[in-house]
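So you can see what is in the structure, the chains are spelled out below.
2 protein chains.
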Amino acid sequence: MDKSKTDLFINSERMKDDFEVLAEFGATGEGGVHRPTFSPAHLKARDWFRDQAHAAGFEVKSDGAGNQSAILYCGPEPGSKTLLLGSHLDSVPNGGRFDGALGIVAAMESLRIVKENHIKLPFNLEVIDFTDEEGTLVGLLGSSALSGSLARETLHNPRGGREALQEGLNAAGITEDSILSARRDPHGLTGYLELHIEQGSRLLNARASIGVVTVVNGIGSYRFTFVGRADHAGTTTLTDRLDAAQGACSLALSVRRLALVGFPGSTVNVGNMIFSPGAFNIVPERVQTWVEYRSSNSKVLNQLEASLLERARAEARRFSLELEIESGGKHEPSPMSEAVQACIIEAAEKLSLKHLPLASGAGHDAQSLAGICPAGMIFVPSEGGASHSPREFTHWEDCQNGANVLLRTVLNMGDHDSHPS
Amino acid sequence: MDKSKTDLFINSERMKDDFEVLAEFGATGEGGVHRPTFSPAHLKARDWFRDQAHAAGFEVKSDGAGNQSAILYCGPEPGSKTLLLGSHLDSVPNGGRFDGALGIVAAMESLRIVKENHIKLPFNLEVIDFTDEEGTLVGLLGSSALSGSLARETLHNPRGGREALQEGLNAAGITEDSILSARRDPHGLTGYLELHIEQGSRLLNARASIGVVTVVNGIGSYRFTFVGRADHAGTTTLTDRLDAAQGACSLALSVRRLALVGFPGSTVNVGNMIFSPGAFNIVPERVQTWVEYRSSNSKVLNQLEASLLERARAEARRFSLELEIESGGKHEPSPMSEAVQACIIEAAEKLSLKHLPLASGAGHDAQSLAGICPAGMIFVPSEGGASHSPREFTHWEDCQNGANVLLRTVLNMGDHDSHPS
Chain A
824 MDKSKTDLFI NSERMKDDFE VLAEFGATGE GGVHRPTFSP AHLKARDWFR DQAHAAGFEV
884 KSDGAGNQSA ILYCGPEPGS KTLLLGSHLD SVPNGGRFDG ALGIVAAMES LRIVKENHIK
944 LPFNLEVIDF TDEEGTLVGL LGSSALSGSL ARETLHNPRG GREALQEGLN AAGITEDSIL
1004 SARRDPHGLT GYLELHIEQG SRLLNARASI GVVTVVNGIG SYRFTFVGRA DHAGTTTLTD
1064 RLDAAQGACS LALSVRRLAL VGFPGSTVNV GNMIFSPGAF NIVPERVQTW VEYRSSNSKV
1124 LNQLEASLLE RARAEARRFS LELEIESGGK HEPSPMSEAV QACIIEAAEK LSLKHLPLAS
1184 GAGHDAQSLA GICPAGMIFV PSEGGASHSP REFTHWEDCQ NGANVLLRTV LNMGDHDSHP
1244 S
Chain B
824 MDKSKTDLFI NSERMKDDFE VLAEFGATGE GGVHRPTFSP AHLKARDWFR DQAHAAGFEV
884 KSDGAGNQSA ILYCGPEPGS KTLLLGSHLD SVPNGGRFDG ALGIVAAMES LRIVKENHIK
944 LPFNLEVIDF TDEEGTLVGL LGSSALSGSL ARETLHNPRG GREALQEGLN AAGITEDSIL
1004 SARRDPHGLT GYLELHIEQG SRLLNARASI GVVTVVNGIG SYRFTFVGRA DHAGTTTLTD
1064 RLDAAQGACS LALSVRRLAL VGFPGSTVNV GNMIFSPGAF NIVPERVQTW VEYRSSNSKV
1124 LNQLEASLLE RARAEARRFS LELEIESGGK HEPSPMSEAV QACIIEAAEK LSLKHLPLAS
1184 GAGHDAQSLA GICPAGMIFV PSEGGASHSP REFTHWEDCQ NGANVLLRTV LNMGDHDSHP
1244 S
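Chains as they are written, first to last, in our numbering: chain A, 824 to 1244; chain B, 824 to 1244.
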């Protein structure tokens, strides 16, 4: 690496200003943010992104899926390949202010440093703010559209419901057809990098500053609806009932046990149940049960899925209920590029930061990108492991370290790209 | 009993005409009715009641709680005591056409027969259509106002919400103050009788035509909220979670077991759960769990309540959750008058109808009246035990038998009243 490049660091004050302004959009009283996809607060954060990119002198673009980009032409020519630095500005309902936002401000700051120092790289740089990473509407919507892995059927049966999707698209001025047109030619991409909070406690437990992500765990989900019979709760004896709640509740307990016993390291979650008709004095006729499962290993993910389906059917039989099964889709585990991991490790070591290889339990846009180009992720510690919550917190020093590793990884990738070993 | 009285029967055709006209108000396509309190369909049914009463030559009255009455002065003098024959014209949302309506048409028909045959009784007769039995607004609103058991606080925190109550009262031209003024002097009442469908399967199972209600079960309810911690479902290991769903679901299974094993004949129902935040990928932080319990015995009801509370606390401890407890109130079991039960049994036997003593699992206006005068209820079989549903059905022969038992019970009560044994 040039001597000039080894002295480059991000401007921590400027990045912190960006971070704090961004945390105001949809701020909750408790230090978190509420920025579901295309909500008013999210639209304001998107405006802010374009304003900042313009102010920094980057080209601003957006695609048919609502992904927004700030482009720095630091490559040999405008048509050179692009290294994408991404994350997202949407949040889960009542989420934290670091998830997604940190990756965006660190990427924006990295481009500013490259521009201000007139660094030439073998590729252009593009900050990309992906649409609906968190899944208010679909989940990984923008990145899967860009990578070509989004199926039209997914848009017809989105996890947030058709109505929410249509309202969201109207608010953002995009359409189903435009989303599917957002597919990018993989030949134009040299790679993908993302800085993110860990959302777990492994870095803290290991007293490490930097996580080098080896794989983004696979994930799948189902809506199981147990169907019994609505009866008067005062006149129907317990043994005469077809009580949908019994099947749903038994499933919620048994899937946890089955994951703990049979699938160590994998996770399951029953995140929601919707009772119908939902009255004190009526036996529940229908209980919709939302089940999610994850694993870092493709074979284990499939075995876990089969066990969940078998369990749901067994609970329905046990309580004489009908069972309706709707798949919420499945993403296979996505290994990160070993070459990119090597560049991240080199950066962390140069900065004397203790690093740890780890699997990402959470889903990320990187898993969409991993299918079409070398992708890598840098994690920084989450205090208490908290995330998707206003309690989410990362010390600023860790954010700064992560951003410096991101910047240096970009430079390392440039070096390796121009001087293949 | 006079020879003349023993040959009296209701006019089945006329009563069936009434029943069928009434089933048209708020008729759903499926054979049920949708007549929530003071809805347009309910107001029409109430108009019909007054028209029929006028046409039959009864005096028509209404009180400050919206209860409507048709009065026949068949007693020794206008100021004689009154035997009330009641039920209700409102329905649950998308309910059945028998619940409430059958009791009203049978009572109206009984008064017509007494009038047409110039029967003299030791009391006057009054058909009473009680307001909001089903609880669109408050539940047992009219009967608890009449009996003086309605507290002003209940009107301030009604189960249907303040807004619905205010809208309903406006539609019916009554007020909170007028409701509380509807209290009647118990000294003016000689008793209360009601014919109703069973809403269960015990009569059918026993091949009996007439149920002689011994008690209206007591009922209570709680909203238990289990509080854990919202965490990312992909990054938080199963053992690190404080998952509110585990406590709620374990409670739903265990309260059923505890009622089955420890409280035979009592019922419990977990009719609703509300998850928060309620997302696939977030560990549930709060799960509100609606639990209702019923028993025919006051002591058992209290023991069941204590067991439910103990169980809820134990589940919270087991999963390291906090527990918030809100009581939804409690009504003690209401025994029916033994003297009235004897008159019902005498009537059924005279008509050679097999009868069965049973507790009412459902709540009824009779439980309000039991506090101020001798009260009794006559049940007829419900096909399939279905109720609060368009599936609700009772064969007309059973309706007719029930109405004849009601008429004869009135006459029996007259005999016993004038010739105390």
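Watch out, some of these pointers could steer you wrong.
As the list claims (entries may be wrong) - Pairwise CB distance ranges, derived in the manner of DEER restraints:
#1 B:H979 x A:E986: 46 to 56 Å
#2 A:E836 x B:R1046: 47 to 57 Å
#3 B:H979 x A:G1194: 38 to 48 Å
#4 A:L1132 x B:G1088: 37 to 47 Å
#5 B:Q989 x A:K1153: 47 to 57 Å
#6 B:G880 x A:S1099: 46 to 56 Å
#7 A:E1145 x B:S1004: 47 to 57 Å
Derived by calculation from the structure, the hints in this document are not laboratory data. We treat Cβ as the ideally placed atom computed from N, Cα and C, and that holds for glycine.
Status of the hints after comparison with the structure:
1. B:H979 x A:E986: 46 to 56 Å: With a Cβ separation near 36 Å, B:H979 and A:E986 fall outside 46 to 56 Å, so the hint is violated.
2. A:E836 x B:R1046: 47 to 57 Å: holds (50 Å)
3. B:H979 x A:G1194: 38 to 48 Å: Violated - the Cβ-Cβ distance for B:H979 and A:G1194, about 60 Å, lies outside 38 to 48 Å.
4. A:L1132 x B:G1088: 37 to 47 Å: holds (38 Å)
5. B:Q989 x A:K1153: 47 to 57 Å: Distance hint for B:Q989, A:K1153 holds at roughly 50 Å.
6. B:G880 x A:S1099: 46 to 56 Å: Given about 47 Å between the Cβ atoms, the range holds.
7. A:E1145 x B:S1004: 47 to 57 Å: Roughly 51 Å apart at Cβ, these two residues keep to the hinted range, so it holds.
The structure shown violates the earlier hints numbered 1, 3.
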